[in-house]
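From first to last, the protein sequence lines are chains V, E, X and P.
Each residue of the first sequence is one higher than the last, beginning at 218 in this note's numbering.
Each residue of the second sequence is one higher than the last, beginning at 218 in this note's numbering.
Each residue of the third sequence is one higher than the last, beginning at 218 in this note's numbering.
Each residue of the fourth sequence is one higher than the last, beginning at 218 in this note's numbering.
Note that these hints are calculated values from the structure, not bench results.
Just to be clear, a hint being listed does not mean it is correct.
Since the list gives no way to pick out one identical chain from another, each pair is judged satisfied if it fits inside one copy or across any two copies.
[As the list claims (entries may be wrong)] Computed cross-link-like contacts, EDC-like style, restricted to lysine to aspartate or glutamate with a CA-CA straight-line distance of at most 16 Å: (1) Lys441 <-> Glu348; (2) Lys441 <-> Glu291; (3) Lys330 <-> Glu482; (4) Lys371 <-> Glu252; (5) Lys437 <-> Glu336; (6) Lys330 <-> Glu222; (7) Lys371 <-> Asp300; (8) Lys244 <-> Glu222; (9) Lys244 <-> Asp404.
Protein chains: 4
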Amino acid sequence: MLSFESDYLEGVHPKILEHLVHTNLEKLSGYGDDEYSELAKEKIKRACHCPSSDIYFLVNGTQTNQIVIDGILEQYEGVIAADTGHISVHEAGSIEYAGHKVLEVPQIAGKIKAEVLLECLQTFFADVNREHMVYPGMVYISYPTEYGTLYTKKELEAIYGICKDYGLPLYIDGARLGYGLMSAQADLTLPELAKCCDVFYIGGTKVGALCGEAVVFTHKNAPKHFKTMIKQHGGLLAKGRLLGIQFDTLFTDNLYFEISRHAIEMAELLKGVFREKGYELYVDSPTNQQFVILENEKMEQLRQHVGFSYWGRWDENHTVVRFATSWATRKDDVLRLRELL
Amino acid sequence: MLSFESDYLEGVHPKILEHLVHTNLEKLSGYGDDEYSELAKEKIKRACHCPSSDIYFLVNGTQTNQIVIDGILEQYEGVIAADTGHISVHEAGSIEYAGHKVLEVPQIAGKIKAEVLLECLQTFFADVNREHMVYPGMVYISYPTEYGTLYTKKELEAIYGICKDYGLPLYIDGARLGYGLMSAQADLTLPELAKCCDVFYIGGTKVGALCGEAVVFTHKNAPKHFKTMIKQHGGLLAKGRLLGIQFDTLFTDNLYFEISRHAIEMAELLKGVFREKGYELYVDSPTNQQFVILENEKMEQLRQHVGFSYWGRWDENHTVVRFATSWATRKDDVLRLRELL
Amino acid sequence: MLSFESDYLEGVHPKILEHLVHTNLEKLSGYGDDEYSELAKEKIKRACHCPSSDIYFLVNGTQTNQIVIDGILEQYEGVIAADTGHISVHEAGSIEYAGHKVLEVPQIAGKIKAEVLLECLQTFFADVNREHMVYPGMVYISYPTEYGTLYTKKELEAIYGICKDYGLPLYIDGARLGYGLMSAQADLTLPELAKCCDVFYIGGTKVGALCGEAVVFTHKNAPKHFKTMIKQHGGLLAKGRLLGIQFDTLFTDNLYFEISRHAIEMAELLKGVFREKGYELYVDSPTNQQFVILENEKMEQLRQHVGFSYWGRWDENHTVVRFATSWATRKDDVLRLRELL
Amino acid sequence: MLSFESDYLEGVHPKILEHLVHTNLEKLSGYGDDEYSELAKEKIKRACHCPSSDIYFLVNGTQTNQIVIDGILEQYEGVIAADTGHISVHEAGSIEYAGHKVLEVPQIAGKIKAEVLLECLQTFFADVNREHMVYPGMVYISYPTEYGTLYTKKELEAIYGICKDYGLPLYIDGARLGYGLMSAQADLTLPELAKCCDVFYIGGTKVGALCGEAVVFTHKNAPKHFKTMIKQHGGLLAKGRLLGIQFDTLFTDNLYFEISRHAIEMAELLKGVFREKGYELYVDSPTNQQFVILENEKMEQLRQHVGFSYWGRWDENHTVVRFATSWATRKDDVLRLRELL
């Protein structure tokens with residue numbers, strides 16, 4: 218059976234596995250103080266052109282969002298996010314669990330428009346009752362967004378400009394960062410993205426790793442005692458090597474970008490197939506996730522032969538579903554899907 | 218200068234003050250175990266026709282909402298509220314501080330429509346990814362709402378019916394309950410309201426008390442060890458008498474309702490004045506808060522002579538402001554305002 | 218029946234009540250922005266010789282401790298306290314509810330010894346694993362302590378010296394501050410105490426008020442947006458006047474100290490009675506709380522005629538109980554107790 | 218250089234690695250719904266003789282403790298633990314972060330004595346002021362303890378008996394469970410341990426896995442929606458296979474116990490070496506961690522040639538250090554250490 222449910226169907230990219238195997242019996246320091254974690258940090262700094270950044274490895278995306286946001290915000294502050302943002306909808310309230318409100322603003326194609334952000338901040342600061350309200354303390358966006366869409370460089374700069382005007386850190390959730398940067402539509406590079414925010418993370422789990430995300434505080438602005446905060450949140454691995462070795466591999470010989478590019482090629486092929494076959498796309502996604510509107514009956518038929526994900530109800534008779542490609546998707550699978558459709 | 222800023226401008230209704238004076242030197246048990254608190258509870262039970270309810274006195278509205286909601290919800294649950302609800306906007310994130318998401322739904326005139334609630338619940342339970350989402354754990358509405366509007370009995374029953382279908386407790390914030398029940402538009406009584414929810418509170422602070430709200434768990438459904446939870450949240454008064462004596466007075470000889478009715482009469486007078494003078498109302502509020510759209514210039518002029526509250530920006534040249542009446546509003550003040558306008 | 222259960226048996230000092238009555242119908246701004254709150258703050262600043270302090274009024278002691286401690290600590294920090302401290306034992310876990318560990322150190326007569334504090338801090342900072350531990354972020358002591366005992370000026374200075382060496386704010390819980398300062402054994406004044414800490418509170422509830430505590434950040438060091446944090450914790454009163462008027466009265470004509478002195482005189486009388494009658498004291502308390510070891514049988518007899526509080530088990534046959542005096546205790550009552558014994 | 222710093226120096230047991238390699242390109246469901254996770258659960262149920270238990274895989278020990286404890290406790294409850302317990306000291310306050318107090322009781326050789334537990338509970342329930350205190354909601358012990366010591370079956374039964382009398386769940390932290398069960402001193406088996414508690418976890422990270430702990434709710438008593446709580450705490454892996462495959466291997470052909478037994482043999486050898494060379498042991502640990510008191514000068518010399526961990530200050534001239542063995546320790550290394558000493 219064909220499977221396009223997600224970008225985390227397979228285990229780990231073979232090169233990472235090889236590196237894990239080779240280093241397996243080395244005795245290394247725990248809790249991230251090993252040499253592979255150091256190496257990985259150096260390579261990431263170089264890749265980002267951020268020589269004086271602070272880098273931490275965490276295990277998964279929700280954990281990363283919770284710890285970074287909770288670490289940055291003051292207790293009376295909340296985080297501004299699109300109402301479709303991952304933290305708004307699909308992290309089981311982990312930001313609220315940490316005591317902070319997600320200040321949801323309406324999205325367009327998964328993105329926060331600069332004008333919407335500005336309006337939100339102006340309204341707050343114009344409100345004489347704001348002492349009784351949650352203060353906006355940072356802005357959260359995703360690259361790519363939940364809908365697979367991308368901010369242009371200009372859009373990102375506009376948002377970051379507003380953030381700086383209001384003294385708010387900008388945080389970019391890069392769970393699928395590679396797939397964003399390698400998209401044909403992307404008009405910015407990793408170093409350019411790093412310059413346009415205060416903290417972001419480079420997603421590993423969905424881009425070839427078994428688990429792991431690399432948080433980059435772009436200008437040595439990690440919260441004080443951040444490692445203790447990671448421990449307190451239950452995010453510190455005794456065998457920190459697991460994360461270090463993976464990112465060391467991903468940032469050697471451009472692997473992270475190569476495998477991301479492959480996924481994008483497969484996604485473009487997939488999109489072509491859907492268009493060719495007359496399917497309606499829910500959004501025109503330039504990245505590895507493709508959203509298609511299926512008639513419910515058709516959906517049930519298709520489900521017998523190919524895996525995909527439920528995304529949401531479209532109307533009584535139609536459903537939005539997601540097909541995802543990844544570093545591991547084979548061209549052959551896409552072609553077989555084409556036949557199926 | 219005239220003052221219509223709020224319904225908590227004056228101290229306390231004279232009858233309450235008198236009762237505080239008379240009982241002042243009695244030696245009473247602490248932490249709410251005094252006889253006046255007991256008396257007050259009995260009187261409230263009778264007024265609500267809820268002989269087997271659990272009643273607790275708390276100090277203010279935000280505290281009440283936080284403790285009740287946090288006490289009822291499981292940790293993975295959130296509370297459904299209108300996006301203009303007090304807990305959504307004006308309690309400084311106290312629900313999120315307690316770890317819970319406010320699941321905001323769009324309002325109409327400050328109210329949650331039954332269809333909107335139903336749609337929200339159906340969508341959640343139809344979502345195959347709901348394990349990654351915040352579970353709806355209860356529903357919060359206000360009577361009257363933030364806009365001074367009222368649910369009809371039918372509307373309330375429809376909402377409560379849905380709540381029961383989904384096993385969700387319904388909680389009514391009654392910060393201004395008296396002003397709601399005494400409105401000409403109200404088509405339900407206190408016992409009827411009590412029958413239509415699982416927990417509600419009878420607001421004291423804004424209806425003649427110095428401070429204090431009476432929480433009624435309508436069918437002995439208070440969370441276990443609720444008193445300890447109140448303590449843990451910093452809400453337990455050593456001199457619980459302060460709350461008991463006030464509610465004992467408010468529920469003696471119908472005082473709570475008498476003073477509420479007076480406020481409504483004053484509000485109707487006030488609304489008439491605005492209409493007579495050609496002012497545009499923001500909503501047609503049947504309770505003690507009246508919302509008027511003022512030209513900004515006019516607003517600045519008026520502000521020299523009369524106090525009112527900022528409510529929100531209407532457009533570039535207009536602002537929504539609030540005029541509130543209370544148990545203490547004098548007819549004379551409304552007439553003087555009329556002259557002013 | 219005689220009553221010595223606590224120092225919060227009666228309502229409120231008559232002068233406060235009178236002030237509440239007189240100002241009752243004045244229309245005042247809400248949320249602490251009224252003129253009486255301002256007046257009270259000015260008077261407290263003068264009494265403390267702290268012209269540039271930040272002062273906030275809160276409702277009760279547990280709330281005050283929770284909000285002050287949570288406001289000061291970083292999220293990875295805990296508060297050092299005696300293992301018998303009020304926050305350690307009798308506040309239902311409100312500090313932990315706010316996310317912080319109470320780092321308990323052994324007490325001697327309710328006090329933290331400077332050497333014990335120093336040892337605790339040295340041990341922590343010598344521990345190479347401290348990144349995995351809760352950082353000490355502030356020190357909490359009470360004046361008087363849970364056992365009614367007092368720090369000498371020298372002891373307090375020693376503790377504050379250590380706090381400053383380690384960069385830790387010192388916070389003094391003054392729920393019964395007046396009774397401490399007016400004790401014959403007290404060798405420091407209010408301004409001297411204020412100089413020896415970073416924040417403290419002046420207890421109202423147990424010293425003549427209906428409710429209310431005045432927090433003094435001694436050198437304009439209140440956490441940013443502290444008012445919003447108070448709101449978020451459910452501690453902000455709409456009718457802030459209730460607290461302002463009370464403290465305005467307490468700090469007019471030395472009332473706070475006069476009524477505290479009276480309680481101390483009554484406590485000394487009481488202690489004399491116990492000694493005269495051959496009762497064993499649990500500690501030699503120089504303040505308004507007296508702790509006596511009673512044979513269980515005797516305790517049950519006595520309980521028929523006089524109220525007192527359970528404090529703890531002494532041994533199989535004996536119990537420690539507490540007798541408290543207050544501003545309201547009459548000499549006559551102590552003499553009647555003498556007869557009883 | 219020789220290394221005995223910890224039991225997490227190497228990567229992962231080769232058989233697990235092999236299993237990861239073999240299954241790597243299989244497309245599997247995410248979030249723990251894969252077949253290897255299912256297989257692993259079945260094998261664990263059999264090994265524990267707990268056919269109707271609930272099993273969850275989590276990433277590390279602190280996370281496991283936080284989520285299990287927070288999932289079980291009511292908000293007004295705390296967890297009883299030894300004052301040297303891992304959650305008391307070395308988890309950066311993660312339990313308090315989740316809102317709960319660790320109710321610390323004095324330990325003897327790392328263990329809670331049944332009498333101490335009973336006394337603690339009797340005192341609490343005899344206290345008339347307990348409404349103002351944190352309720353004991355569960356009991357936490359470790360097997361082996363922080364000092365490597367073991368509860369006897371009788372001791373464990375006594376503790377569990379008290380827990381059942383008071384209606385408190387008993388939770389056993391088994392971070393090093395294998396090393397405990399394989400000790401010569403152990404007088405209970407895995408099924409016997411499972412019968413003596415309500416929930417425990419089988420530590421993977423320190424017993425051969427890269428990461429991962431298996432939580433066993435022994436009688437289908439997992440908290441409702443526990444998976445959503447895991448997500449909310451940031452503990453849910455997209456590639457749940459990583460944990461499933463590891464535990465599938467560990468519970469195939471008795472691997473978990475075999476490798477634990479090896480570590481114990483190495484530890485016994487190590488202990489013999491220390492004794493032979495006249496070193497003083499801090500405790501007589503029957504498991505894989507050995508605690509030795511070293512003169513500081515000697516310690517510095519030794520540190521040039523062999524790695525070990527700081528445990529604590531003994532006196533001015535001596536330090537307690539820890540030597541740990543694991544599944545990966547070679548006999549040769551112990552013999553070389555012997556020569557060194």
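Status of the hints after comparison with the structure:
Proximity of Lys441 to Glu348 under the C-alpha cut-off of 16 Å is restricted to the inter-copy arrangement: shortest distance 11 Å between copies versus 27 Å within a copy. In this homomeric assembly, Lys441 and Glu291 come within 16 Å of each other (Cα to Cα) both inside a single copy, at 13 Å, and across copies, at 9 Å. In this assembly of identical chains, Lys330 and Glu482 lie within 16 Å of each other by CA distance neither inside one copy nor across copies; the values are 28 Å within and 46 Å between. For a Cα distance limit of 16 Å, the shortest separation of Lys371 from Glu252 qualifies neither inside one copy, at 38 Å, nor across copies, at 46 Å.
When the C-alpha separation of Lys437 and Glu336 is checked against a cutoff of 16 Å, the pair qualifies neither within a copy, at 30 Å, nor between copies, at 33 Å. Proximity of Lys330 and Glu222 under a CA criterion of 16 Å is satisfied in neither setting, with 29 Å inside one chain copy and 36 Å between copies. Within a single copy, Lys371 and Asp300 get their C-alpha atoms no closer than 22 Å, and across copies no closer than 32 Å, so neither meets the 16 Å cut-off. Within a single copy, Lys244 and Glu222 get their C-alpha atoms only as close as 38 Å, which misses the 16 Å cut-off; across copies the closest is 10 Å, which meets it.
Proximity of Lys244 to Asp404 under the C-alpha cut-off of 16 Å is found in neither arrangement, the shortest distances being 43 Å within a copy and 33 Å between copies.
Hints 3, 4, 5, 6, 7 and 9 from the list above are not met by this structure, while the remaining hints are.
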